[in-house]
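Add chain X to chain U, keeping to what the hints say.
2 protein chains.
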Amino acid sequence: MANIKDVARKAGCGIATVSRVINKSGYVKTETREKIEKVIKALNYQPNEIARSMTLQKNHIIAFILPNSQHLFFGELLYHVEEELFNYGYKLMLCNSSEQLEKEIIYLDMLKNNRVDGLILLTNNDVEKYLNKSLPIVSFDRLFDDVPLVASDNYQGGVLAAKEFLEKGCKKLMFIGDDAQGDFTDVITDVSKRRIGFIDYLNSQGIYDIVNLEYPLKNYFVSSEQFEHLLNPYPDTDGIFCISDSVAFTVIKVLEAQGKQVPEDVKIIGYDGGRTFNNLGKKITSINQEPKLIAKAIRKLLLNFDINDGNKKIIVPVKLSKGDTT
Amino acid sequence: MANIKDVARKAGCGIATVSRVINKSGYVKTETREKIEKVIKALNYQPNEIARSMTLQKNHIIAFILPNSQHLFFGELLYHVEEELFNYGYKLMLCNSSEQLEKEIIYLDMLKNNRVDGLILLTNNDVEKYLNKSLPIVSFDRLFDDVPLVASDNYQGGVLAAKEFLEKGCKKLMFIGDDAQGDFTDVITDVSKRRIGFIDYLNSQGIYDIVNLEYPLKNYFVSSEQFEHLLNPYPDTDGIFCISDSVAFTVIKVLEAQGKQVPEDVKIIGYDGGRTFNNLGKKITSINQEPKLIAKAIRKLLLNFDINDGNKKIIVPVKLSKGDTT
Chain U
137 MANIKDVARK AGCGIATVSR VINKSGYVKT ETREKIEKVI KALNYQPNEI
187 ARSMTLQKNH IIAFILPNSQ HLFFGELLYH VEEELFNYGY KLMLCNSSEQ
237 LEKEIIYLDM LKNNRVDGLI LLTNNDVEKY LNKSLPIVSF DRLFDDVPLV
287 ASDNYQGGVL AAKEFLEKGC KKLMFIGDDA QGDFTDVITD VSKRRIGFID
337 YLNSQGIYDI VNLEYPLKNY FVSSEQFEHL LNPYPDTDGI FCISDSVAFT
387 VIKVLEAQGK QVPEDVKIIG YDGGRTFNNL GKKITSINQE PKLIAKAIRK
437 LLLNFDINDG NKKIIVPVKL SKGDTT
Chain X
137 MANIKDVARK AGCGIATVSR VINKSGYVKT ETREKIEKVI KALNYQPNEI
187 ARSMTLQKNH IIAFILPNSQ HLFFGELLYH VEEELFNYGY KLMLCNSSEQ
237 LEKEIIYLDM LKNNRVDGLI LLTNNDVEKY LNKSLPIVSF DRLFDDVPLV
287 ASDNYQGGVL AAKEFLEKGC KKLMFIGDDA QGDFTDVITD VSKRRIGFID
337 YLNSQGIYDI VNLEYPLKNY FVSSEQFEHL LNPYPDTDGI FCISDSVAFT
387 VIKVLEAQGK QVPEDVKIIG YDGGRTFNNL GKKITSINQE PKLIAKAIRK
437 LLLNFDINDG NKKIIVPVKL SKGDTT
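Protein sequences, first through last, are from chains U and X.
Going letter by letter, the first sequence gives residues 137 to 462 in the working numbering.
Going letter by letter, the second sequence gives residues 137 to 462 in the working numbering.
One chain only, chain U, in its complex shape (with noise of 0.2 angstroms):
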């Protein structure tokens, strides 16, 4: 399907002079309306979503409830989200949750009240009760009855990591992850095939002596004291991987604390891309989930809506980035 980009680029001209052609309001030289007018023929360009979303009737917002924009990959991720949604008419509502499960009622409940067309969710809160279903509503990573999922390929991410390792000559490996099921939630999320795609494929070598590290969700502000504490007992680990960078980023600086060199002592692989800013020393060796592919997806699922279904996901390929601790 076309979007006003493709339009524009085809057209050789600017998305506001088609946004003008398509909304025919502000001047456009007649030569290049009707050459805009050839493109949107030619591509079987459905200008009516960026039309519509300039009358009253429809707001043609998407909500986008995530923990924490801050955070470098949901942030990334938002960026790709309403780039995406822009190109299809939609703008985009921003709903920082901070992991609050008040606040995600309140934005629900505004969001049931206001004409909102859709619903991305990113949550580790169990809202299964407060959602309006009768809404477009796309869930990233956590697994909601009847609701269609978004997520990365966290199962092969697993054992990519797997394979790195035993490629290093790694002898004693490590999972660390906050993906246990805590007194703090029971919401199930796609997040726990890192691990579980990371243990069958060591298994599958035949290496059964893995120490899996579980702490529970929501917990996710450990301290570099708790992670002391956790690692402290396995002290002749040579490889650990880390369910999150900011997993991994604690970590190193753990045992860099306590004389250990990485990668020489001990290697590490996070999750999320070895995604850095104003980053003066190593980048971390990461499974890249792809921001944009994601929010492709997202957009795929909730604008193509009928009705909300868990049976229909899409799940992204994820890869190794290879960066200086592995």
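Please note that a few of the clues may not be correct.
Copies of the same chain look alike in the list, so a pair counts if it fits in one copy or across any two.
Claimed, not checked - Straight-line distance between alpha carbons at most 30 angstroms, and here's what the computed DSSO-like set of lysine-lysine pairs gives: (1) LYS146 with LYS174; (2) LYS165 with LYS269; (3) LYS269 with LYS448; (4) LYS174 with LYS239; (5) LYS177 with LYS239.
Hints listed in this document are in silico derivations from the structure and should not be mistaken for laboratory results.
Positioned in the frame of chain U, the structure of chain X alone reads:
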């Protein structure tokens, strides 16, 4: 002015419960309800913002146009603006412009045609003529006619940087920034005061031999090679004040690649607060502008709107945040 959070804190309950009391929706124990009503009275809380946002009469949506929510400082500002607006019953529409004038125009058009209650504008483009000034508007860092301004104390930031270099014994100082009025823009930004404050203070101390490197706005994705080219004619520089942490980051990388030690050979100060993510190395010394205070200032000007007036401004204080590069 008390907000819903203050009420919840004082009443010892969650904000969702306060919301239910205000909106007379959902179950709340009589005892709790009475307590909340008492607190509302005691704090003189005006719950009509939240209450009205729950109806369809007004959208209570504020649009935030910014270049890129992935930028670490902008992302933090976005987070705090969303939280601040939420506490006052408003929702945030995220409008990433990617610095494209065309995308900004489309968003400004959408905003004109939709019932958006206000606009926060962070742009380097001259969008003056596209603004609907009958709406409440607040601009961050950029000056527009008749539009209220919020900025950090950029001048004082420059002074603080100069003082730090002199305290550390630097002799050959440089400013490097992208605040020049180039071919690409004729927008005036408050950010230039970083340069002015820096040079003014050095002059006041009898120092006039300052290398003042400018490159035009919009070129802010300057490559390492280009920075090398800029820096090469000044090999004896021992202190560089960079207009942003991103610039500081690239400058440090370039210097280190040339075999120079930071801070031993050259001291570096950035601007934005030395924010990092997954930073496994040095932390940049930086002038810290506080996103939470800036978000509060924006909310104040926006929600107490009577008329757009360029004389209205709030200048938010800054601090030097000591890192490892001075």
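Status of each hint after checking the structure:
no. : hint               : verdict
1   : LYS146 with LYS174 : within (10 angstroms within a copy, 63 angstroms between copies)
2   : LYS165 with LYS269 : between (46 angstroms within a copy, 28 angstroms between copies)
3   : LYS269 with LYS448 : within (15 angstroms within a copy, 45 angstroms between copies)
4   : LYS174 with LYS239 : between (48 angstroms within a copy, 23 angstroms between copies)
5   : LYS177 with LYS239 : between (45 angstroms within a copy, 23 angstroms between copies)
Going down the numbered hints, you'll see the structure goes against none, and every one checks out.
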